[in-house]
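Participant: Going line by line, the protein sequences match chains A and B. Mapping of the first sequence onto the numbering used here: residues 200 to 304, in sequence order. Mapping of the second sequence onto the numbering used here: residues 200 to 304, in sequence order.
The set of hints was computed from the structure by calculation and includes no laboratory data. Mixed in with the good hints, there may be bad ones.
[To be verified] Below, in silico cross-link-like pairs of lysine-lysine (DSS-like), each with a Cα-Cα straight-line distance of 25 Å or less: (1) A/K282 with B/K275; (2) B/K245 with B/K275; (3) A/K234 with B/K287.
So you can see what is in the structure, the chains are spelled out below.
Protein chains: 2
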Amino acid sequence: MLIAETFKALGDPVRLEIIERLSSGSLYTLSSVSKDLGLTRQGARKHLQVLADAELIKMEPTGRNTIITFAPASLKAADSFIKQLERKWDVRLEALREFAEGDKS
Amino acid sequence: MLIAETFKALGDPVRLEIIERLSSGSLYTLSSVSKDLGLTRQGARKHLQVLADAELIKMEPTGRNTIITFAPASLKAADSFIKQLERKWDVRLEALREFAEGDKS
DNA sequence: TACATATGCAACCTTTTGGTTGCTTTTTTA
DNA sequence: TAAAAAAGCAACCAAAAGGTTGCATATGTA
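Required output: the full structure, derived from the provided sequences and hints.
Facilitator: So, in structure tokens, the structure goes:
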């Protein structure tokens, strides 16, 4: 929910790698993550938990496995936030430019 | 430079607040940041250093003050990264959809 | 020049993070 | 049913983060 939490979850190379692989379709279970990333299962689990808390992935226990899937909603929220910042900045620059022009005339 | 570093820098409520205020034009110096955010000067400085290392802001010593300015380039990079993830995901969903259709015919 | 302002650097402290090992439980499958 | 595969939980550990105080330094200003 909190935007800072989303960014924080993305702010780690291992987690970014997980997200990147998930978005292109690999890494389906907890153990495949730990194998592919070369971490212990618990190490992988902690990272996945962080991502799940930020709602960037979903973890569903299914029989013996825990299936990991990508959840793009939070990513969209992060995207919107960044865009909003860029927009604010542009508006401000534009205001400054207009002020400078007004100064000239 | 590293995308994870950018996200990490954004992954803290205080720093997000700083960036947000900067993008709309307030918070010009180190001390104004510390005053407005209610931190000690050194606390503020550490946060600003993190943002500067991630190249999200510029700090330039100017006489007695240190002027803080917003630097939107890294933000654009983060934006592109997120977009690329979303695109990958969409491509994959599309492939799945086509596969399902092929299955039907 | 003397004083106030703005900053820098270093040390310190507590909490969080990233990672591990060990042990138990659940679910397949041979 | 017995073995192995996948996972959960807890404890532990070192390093990083977030924040503080103290002291020194540079820069304006009265």
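Participant: Indicate, hint by hint, whether the structure satisfies it.
Facilitator: Now the hints, each set against the structure:
1. A/K282 with B/K275: Holds. A/K282 to B/K275 sits at ~9 Å (cutoff 25 Å).
2. B/K245 with B/K275: Measuring from Cα to Cα gives roughly 23 Å; hence the hint holds.
3. A/K234 with B/K287: holds, 23 Å
Going down the numbered hints, you'll see the structure goes against none, and every one checks out.
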